[in-house]
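> For reference, the chains in residue letters:
Protein chains: 2
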Amino acid sequence: MEFEVIARDTSCGARRGRLKTAHSTVETPVFMPVGTLATVKSVSPEELKELGASIILGNTYHLYLRPGAELVGQLGGLHRFMGWDRSILTDSGGFQVFSLARISKIEEGGVVFQSHIDGSRHMISPEAATEIQMMLGSDISMCFDECNSFPVTRDYARESMERSVRWAARCRQAHTAPLQALFGIIQGSVHVDLRRICLERLMEIGFDGYALGSLSVGEPKEQMLEVMENLLPQMPFSHPRYLMGVGTPEDLVEGVRLGVDMFDCVMPTRNARNGMLFTRRGSIQIKNSRYTRDPEPIERDCTCYTCQKFSKAYLRHLFMARELLGYRLNTIHNLHHYLRLMGEMREAIQQETFLKWRREFYESRAD
Amino acid sequence: MEFEVIARDTSCGARRGRLKTAHSTVETPVFMPVGTLATVKSVSPEELKELGASIILGNTYHLYLRPGAELVGQLGGLHRFMGWDRSILTDSGGFQVFSLARISKIEEGGVVFQSHIDGSRHMISPEAATEIQMMLGSDISMCFDECNSFPVTRDYARESMERSVRWAARCRQAHTAPLQALFGIIQGSVHVDLRRICLERLMEIGFDGYALGSLSVGEPKEQMLEVMENLLPQMPFSHPRYLMGVGTPEDLVEGVRLGVDMFDCVMPTRNARNGMLFTRRGSIQIKNSRYTRDPEPIERDCTCYTCQKFSKAYLRHLFMARELLGYRLNTIHNLHHYLRLMGEMREAIQQETFLKWRREFYESRAD
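Protein chains in written order, with the numbering used here: chain A, 947 to 1313; chain B, 947 to 1313.
If you're looking for bench data, these hints aren't it; they were derived computationally from the structure.
Be a bit skeptical, because a hint or two may be false.
Identical copies look the same in the list; a pair holds intra-copy or inter-copy alike.
[Unchecked claim] Distance condition first, Cα-Cα at most 30 Å in a straight line; then the derived BS3-like pairs of lysine-lysine:
#1 K966 x K1255
#2 K1255 x K1233
#3 K995 x K1255
#4 K995 x K1233
Using the sequences and the hints given, assemble the complete structure.
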């Protein structure tokens, strides 16, 4: 993997980069649609390409349980299995193990948990998570870590961060796939000093990129920003910086301002399936009865397939009738919204007009 | 609407025709995918076009309840509402009123029923069904009739058929849309003599096309064939002949052999969503564990998007995980199967090799 910062907006921390993986070139800052189970829910690989997605995320925990990493490996890896020839980043499973599964035991060796699907018992260690991601054949794999919920005590945050660092060292050791990058994940909850210690130790081990984990897990927005403001400038300039599982359009804008290169979040896709659609002026609920006879698209100037072809009245009808096409059309619009936003931010950085762009972004929402 | 028979296979009753509606030219014999609620479940209008669909069916009963015919009319009609610019046939609601709703009363005026969605009371008369279809703006509308289940007594079949004929006359009277065709529906259950009487009376009234209703509703296959064999040759040669709600690939082949021009059925789409996939050699259940690691497409020589891109292992995974993309990929394959079958039959009729084609069709299934 190669990464290069190709432009900066010197009025803030924003940077424009280019990430070359084994499969494709990714222009950063980038948003990665979430393809949990080897599919970005409801859309096809071709639709993702039309939307301009250059990298998607796969969830190791989910793929490990269904259909199984060995199976995916035998069938040629995740790219081939799901028909996606651009880049894929896999998370380590840490987040899902700690949020979805029932944890039986966290020990130095790894985590014993029960599947959220059938209650079966499993153990994931740093070595296993690395092995699974190598079988999946993603372009970027993540270290297996403990994801902290919020709040945790400072003592627990330290203890957990230190274990995550030891686990990261074992992941580094176990990682033997030459074409796959490996990123370290900075933990330490909302404590800037713990996060700094974590980052230093990860840099000593050495990774291809660095991520901020366990943010947007319930902490006040100011604390999230405090961590980002303090950590991002210290993360290696020459390596990609990834803010995991974040966030709202506003979060993306603030992340880019502070120097984040990569984002992922289920928000555009999950909310689409729940009928929440993003617009320049904020979000709308398509089930609202005010749209019953609305002949207009979600946004007049939106160039997505959904807005080019269909009215809010039709989308509302599909949503109310739980029609499968509705989930897809909503997803296409929301992903387009997110990916367009990223494109505009990349352009603004290139032009060194990011803060002006950001001001207009907030103004359009205050209308 | 114009209809022309452009070729015949004189070794049987099969005929190749061309139907010109207000929106498009339809090559017959044709299969019409079912778009119940202003969407062929899970696929987009563009995908339907790529599959070669030239006409789809909308369900008056469903559209009347959700989103309502007036709303669709206000928004420019069904074509514009759902983004489909080729032809649409709407059924009259008769079949669903008699199969889905709870009937309160059948009287000369019409049918009083309760919605299957919320139990609300409604009345549909022949005039109302005609009015609704005019508001929807379909290219072909159907007479409101009583759909018989199987079995019914001969007396009931006669009484019901006679009422359906009186209703058909009222539909003809109420129908005032110059660009919309109106088809009559032949009833009479499995009784050939009643069906003949019905056909004669409908021809006296005069319709743009004639349909066989209430077949494939539980009667033995031989009785369905007996009705088709006896009625189809008597249906006007110069008008389209439509076999409603039928059926399996074999049913289509036998229908074409006997001179049917138009078919519709939920089978390819509904079965797709249940994981049943059609192949040349019969059907398969994608959830079968034998496909867990199967790297092959559903059919090697199939040219559909699904078979060009995805393995059975992937389709099985999507189905087991109830992923939305799976319903779509399965639907694309099954519709492609049906539409390709129709295309091959049209070609065979043109070449006057239909019976040879039919023999090979059955042989490939006996493998």
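> Okay, which hints does this one fail, numbers in order?
none
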